[in-house]
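> Chains as they are written, first to last, in my numbering: chain S, 91 to 471; chain D, 91 to 471; chain W, 91 to 471; chain U, 91 to 471.
I should point out that these hints are in silico values taken from the structure, not numbers from a laboratory. Check before you lean on any hint, since a few could be wrong.
Which copy is meant is left open, because identical chains are indistinguishable; a pair holds if it fits in one copy or across any two.
List time: in silico SDA-like cross-link candidates among lysine to any residue, alpha-carbon distance up to 20 Å [what the hints assert, rightly or not]:
| id | residue 1 | residue 2 |
| --- | --- | --- |
| 1 | K398 | D119 |
| 2 | K114 | G388 |
| 3 | K383 | A404 |
| 4 | K383 | R96 |
| 5 | K217 | I108 |
| 6 | K428 | A241 |
| 7 | K461 | D276 |
| 8 | K114 | A404 |
| 9 | K470 | D377 |
| 10 | K428 | A163 |
| 11 | K114 | H144 |
| 12 | K135 | P176 |
| 13 | K185 | V314 |
| 14 | K360 | A391 |
Small disclaimer: the values here were computed from a predicted structure and weren't measured.
Number of protein chains: 4
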Amino acid sequence: MAERVRYGMVGGGPGSFIGDAHRKAIAIDGNAELVAGVFSRSPEKSKVTAELLHIDPERCYGSYQEMAEKESAREDGIEFVVVVTPNFSHYEICKAFIEAGINVACDKPVTISYDTAAELRELAAEKGVLFMVTYTYMGHVTSKFARDLIANGEIGEVRTVMAEYPQGWLAHEGDFGGKQGEWRCDPARSGGVNCLGDLGTHVENAAATFTGLKLKRVLARMDVVVPGRVLDDNDQVLVEYENGATGIYWTSQIAIGCDNSLRLRVYGSKGTILWFQENPEVLTLIDNDGNIKEIHRGYGAVTPGAAKYGRLPAGHTEGWLEAMGNLYRSFTECINAKKDGSFTADMVDYPTIEDGVEGLAFVEACLESNKNGNVWVEVKR
Amino acid sequence: MAERVRYGMVGGGPGSFIGDAHRKAIAIDGNAELVAGVFSRSPEKSKVTAELLHIDPERCYGSYQEMAEKESAREDGIEFVVVVTPNFSHYEICKAFIEAGINVACDKPVTISYDTAAELRELAAEKGVLFMVTYTYMGHVTSKFARDLIANGEIGEVRTVMAEYPQGWLAHEGDFGGKQGEWRCDPARSGGVNCLGDLGTHVENAAATFTGLKLKRVLARMDVVVPGRVLDDNDQVLVEYENGATGIYWTSQIAIGCDNSLRLRVYGSKGTILWFQENPEVLTLIDNDGNIKEIHRGYGAVTPGAAKYGRLPAGHTEGWLEAMGNLYRSFTECINAKKDGSFTADMVDYPTIEDGVEGLAFVEACLESNKNGNVWVEVKR
Amino acid sequence: MAERVRYGMVGGGPGSFIGDAHRKAIAIDGNAELVAGVFSRSPEKSKVTAELLHIDPERCYGSYQEMAEKESAREDGIEFVVVVTPNFSHYEICKAFIEAGINVACDKPVTISYDTAAELRELAAEKGVLFMVTYTYMGHVTSKFARDLIANGEIGEVRTVMAEYPQGWLAHEGDFGGKQGEWRCDPARSGGVNCLGDLGTHVENAAATFTGLKLKRVLARMDVVVPGRVLDDNDQVLVEYENGATGIYWTSQIAIGCDNSLRLRVYGSKGTILWFQENPEVLTLIDNDGNIKEIHRGYGAVTPGAAKYGRLPAGHTEGWLEAMGNLYRSFTECINAKKDGSFTADMVDYPTIEDGVEGLAFVEACLESNKNGNVWVEVKR
Amino acid sequence: MAERVRYGMVGGGPGSFIGDAHRKAIAIDGNAELVAGVFSRSPEKSKVTAELLHIDPERCYGSYQEMAEKESAREDGIEFVVVVTPNFSHYEICKAFIEAGINVACDKPVTISYDTAAELRELAAEKGVLFMVTYTYMGHVTSKFARDLIANGEIGEVRTVMAEYPQGWLAHEGDFGGKQGEWRCDPARSGGVNCLGDLGTHVENAAATFTGLKLKRVLARMDVVVPGRVLDDNDQVLVEYENGATGIYWTSQIAIGCDNSLRLRVYGSKGTILWFQENPEVLTLIDNDGNIKEIHRGYGAVTPGAAKYGRLPAGHTEGWLEAMGNLYRSFTECINAKKDGSFTADMVDYPTIEDGVEGLAFVEACLESNKNGNVWVEVKR
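Extracted from the complex, chain S is given alone in its bound form (with noise of 0.2 Å):
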């Protein structure tokens, strides 16, 4: 059997949530095993971490830079890294390991400004390093399925899109929603962006998968409602795609009752459909006839693009854990196919670079669109 694919971490110290989220998801398959790290930037808490995964103590690195260049020099070196830091860290991370010829896996958004995202997409492409950027709902077996369904055309043309991401975890006066919310509120930290960045990175992505259409221009208002915050945390934009359809984004944390309520609902000329991540074991699809018609996973209406995912028969749920695990699963396969020659680009079933640019060209339109006014901006590309 193929080995187990190497990969190393930038991230994911002593009570990161995201970090260890990375690490379970990827234990499901067993198709990766974590054999460095740089957990913290303290190396007390790295190395701590590192002892709890069984890490050999050599390969708990005090540094990123340090990490990139020896494990890149190593036989047994990682085959891929993953990059949990916060947002504003990702963009030098990831380039040293694009740079030192290892490939990427790092969190969404891919870091907190067009240019640099612009530029790690064209250095990866230089380097040929594999870039996977996690938008883990994409890795839902439903949401290749809605995928499917739009492209197949049995929807037909769409014509508008309903999407929104309402939380309710900052809906609190003085409530910073702990070590992650304060960097989050902070603007020298995040981009200037707080809830568009982090939510509405998510619906861009989702709409954009869902659909296949790009954006071609954005009019945003971002609010900031509850007082004593600094950056957004509700945020309304209209949307205009390529093809002339339209669209409703809505972001928000202080959506009490809310957790993680991504939902679309995509019209088209033929019908409809609807999908809710919290739900994410059914997708609904609305015919031409207006019945509406609840397909679960596991059923054999499901597209064999997305069956392929799941692991376990319908009605034993899969969640968020699973959906991440099935982007890793494409990840490690292309890295394979890679070291046997046998990579074509149309292997590539997760979330790439390319889709981390495009989340930032879309914060960025926004941000000007609400500086302005709530003006028309156009997309970058």
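Following the hints, position chains D, W and U against chain S.
Below, chains D, W and U without anything else, positioned relative to chain S:
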């Protein structure tokens, strides 16, 4: 017992859905009886309807002018008129009855321009007639409950509103939805607006009723999506209220699978209210702790001002006709109170001409915003 | 136009929920008008109600016997009587009107014993009067749609039925649910049965109507759960139909949070039907492939025999009163057809005395099963 | 950090769904690592699986007897074995490992007869080994929450339970659901029971876990519905608990459209709990006032003893693998505690051999009841 209130109708002839619906809604409680009418511009058709409805042939009139004149002259003349003609004719008809001193119940939107609506408002005040605009959905017990909860501060200060009313009946090319769709899509008869006039006014009124907030300004995009159509069939509106709260209103006639999917989600500083008109027996209240509470009509948690409109115990579903019946219940109570001198303004528990005017102000501001490239436009008073 | 059918009422005096509900339901379509009645055993109260209802005082009678006699003697006498008294009195009252040749609409259960119900059946046949038993829930468009789908073989042969009707209104010790709860829980006035008589007959009738199957035998456990109560308040019944299919019927008055939660799930060899009376605008049909299809009242997929009862377009919710109105619509159509000689048996689209008899047969078989230690008991015809 | 617990597996070879699922579930948290196994009765197939799983070839054994013997003799031998073979072989395999002093995790039902299960219970006690039976659904945070709420008296005294587990995968004639369906429907390999053994034990265990009640007696009807089948595929059971509460259990493999639709509704004297395993992130709690409260995993209302098993914040859905992982988390904690001497019985937070025995007692009582014409049968202890 109080005699039944006598009423007449203009419109509601053969094939009219809405006139029949008003008659049925009024009949449920039996507080009023239909005694006069001009049911169609065709005297033939009008007569047929009058006969079916057991109306005295003498009181089946040739024109609304004649009806207003003769009924106001009778000892036993009608005490209110129900106006259920196409929108463009509301103004002249309502005006005639107000001038004759007869109370008016008019379907929404009350007219097709702000100026005419405002004129009716002034005239009604001058003549001292009661003027109801039948925003039916606001008659539901749960609508009134939502209004009371927010007024009582249950969800704190309103911060943002998500309100939408998608339908799918005009989604198909070449499909004008029969007679009704025809005039709705005809600029000459609709005031230059289709979807936003029909559905947007419902959304605007529902949001205003629930929150008690006044609109300050709007930014609207009104699209013509289905090829071959002239007027808007998909509308996206950003709104701002006078207290600084914001909202998104979406209306559509191209959302396949949607019926009358008027849905309101109101997010406050201490909680959230969710309401969906197609499931009108339920209101969802989310408290500050984020737990989601579903409250059914008929339960003790419902506020007295809302609960009193329930006719049946919980579990015996009430629907749209009952909601309209509730509007007429308050309207006829007020008419009776005026007769016996006990009427006070706070008895009014139905949408009035004031709501009607606000609807037109909203529509006109949207039209201007859309014409000028989706810019902010102040809403008149 | 056909004159309105004249009707009278026995029961439905001050404080009666069900009498008022029948009157409102009939009023919606206006096919019949109330002209006579005995609204209470107290002549005082009866008179008050008659006045409120604008009944000619002469036709407010002192007893049902007098009413049957005098109305049958009048040229313009009532054409049907609505019997909405407590269950134990149905038999005598219905008998009197049948003998007077007057059509009968009686609330369910039609009597409190199989023998009396069967006697009414024979008598009605002999006298040639129409006899409706108002199992209201079977008036919903979606109930009729379910019946049609199964009759058309859409789900193949019925294999098993899960039917239930839990309520919570009598869950609390010391709580007898007011006046209505009082007689329901009193053995002397209820035929020795409470919950199963009230709710079980609905379940039995709904299952029979949907599936078209006849009960062969039952095995029942009827429990008295709440301390201080004498009659059953939670009932569990295993059933077997003549074709060998099986079912579970559950009824309860102690299920906190349940209102009128009549729910049917019918599993066939080729599909499944799900129906819930508190969401009566929707029927769920699961095809052989397991995908779940939600069909709304008002859509083209609804069978013509069901669709014709809709008054309002899809999305304008219809409820319980409308369902009851549908029963009266067919009933009055049949009465009119009898008058003009066009009546045929296949016009009957409402529950009849035959359904009433089956209900009592079911209840008595359950009582015997429970008394004998939960053994199988054949159901009479 | 504590070393990972070493485990082996019997079963789980090529094409086995359940063995792979156990491995993935254990991998999520990484508390244990697979080091030995007999993955198939075919040595060839076993070897292939061992290689895929990176198992030392020496520790891929020819028989479970050999594995028990050799692993118990090693210094670094396995600390627990996972038994995921067809049900009929559980007894012999579990016995061998218990006798070798190795802790056991066995899939449910633990054996195919009460006597063998009880024997394992005694043997495990005697040998002092921990014995987990993997009733996966009880690993959900919301299952533990339901258990805690009821134990804390939140819904008062339990009065009646509605529990069901319908599936549709064996609804079609000639369809035996592949390899797994084959042995399930074969009397020789299934203990004379199919649906009730597979699904009924889940229902029984879930009801027992939630309510804490012991079964007193059952009355069962076990039907063979699909032509050509030998064993039960649709089962209806009335149950009575020792405290006098009652319940209905329904299991089916012919309910088209159902996946793993395990649903519990528990009605108490002060409230109600609703839980559905296909929506396992939510628990519904109905208070005495009848209002319906939906509580999400991750919220403050969840009891600490349940909340501690959550890995991800609310809104990041956890599913079936995570639920099974939760069982293994407690199991490995107990194993570690046994090693360091800190183990106490109240640490056990997973289903044990006692639950396994109760499952078989339930099945055997049902079989006897069904054989004797659906009569009450006492349940053994």
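> Now look at each hint and say whether the structure bears it out.
Quick rundown of the hints versus the structure:
1. K398 with D119: This pair counts as within: shortest intra-copy Cα distance 14 Å, inter-copy 24 Å.
2. K114 with G388: Close across copies (18 Å), not inside one copy (23 Å); limit 20 Å.
3. K383 with A404: both (16 Å within a copy, 17 Å between copies)
4. K383 with R96: Answer is neither: 43 Å inside a copy and 46 Å across each miss the 20 Å cutoff.
5. K217 with I108: Classified as neither; 27 Å inside a copy, 42 Å across copies.
6. K428 with A241: So K428 and A241 fail the 20 Å test inside a copy (27 Å) and across (56 Å) alike.
7. K461 with D276: within (18 Å within a copy, 39 Å between copies)
8. K114 with A404: between (22 Å within a copy, 17 Å between copies)
9. K470 with D377: neither (35 Å within a copy, 41 Å between copies)
10. K428 with A163: So K428 and A163 pass the 20 Å test inside one copy only (19 Å; across, 44 Å).
11. K114 with H144: Both. Shortest intra-copy (14 Å) and inter-copy (19 Å) distances satisfy the 20 Å Cα cut-off.
12. K135 with P176: Classified as within; 16 Å inside a copy, 46 Å across copies.
13. K185 with V314: neither (33 Å within a copy, 46 Å between copies)
14. K360 with A391: Both: 18 Å inside a copy, 17 Å across copies.
Hint violations for this structure: numbers 4, 5, 6, 9 and 13, all remaining hints satisfied.
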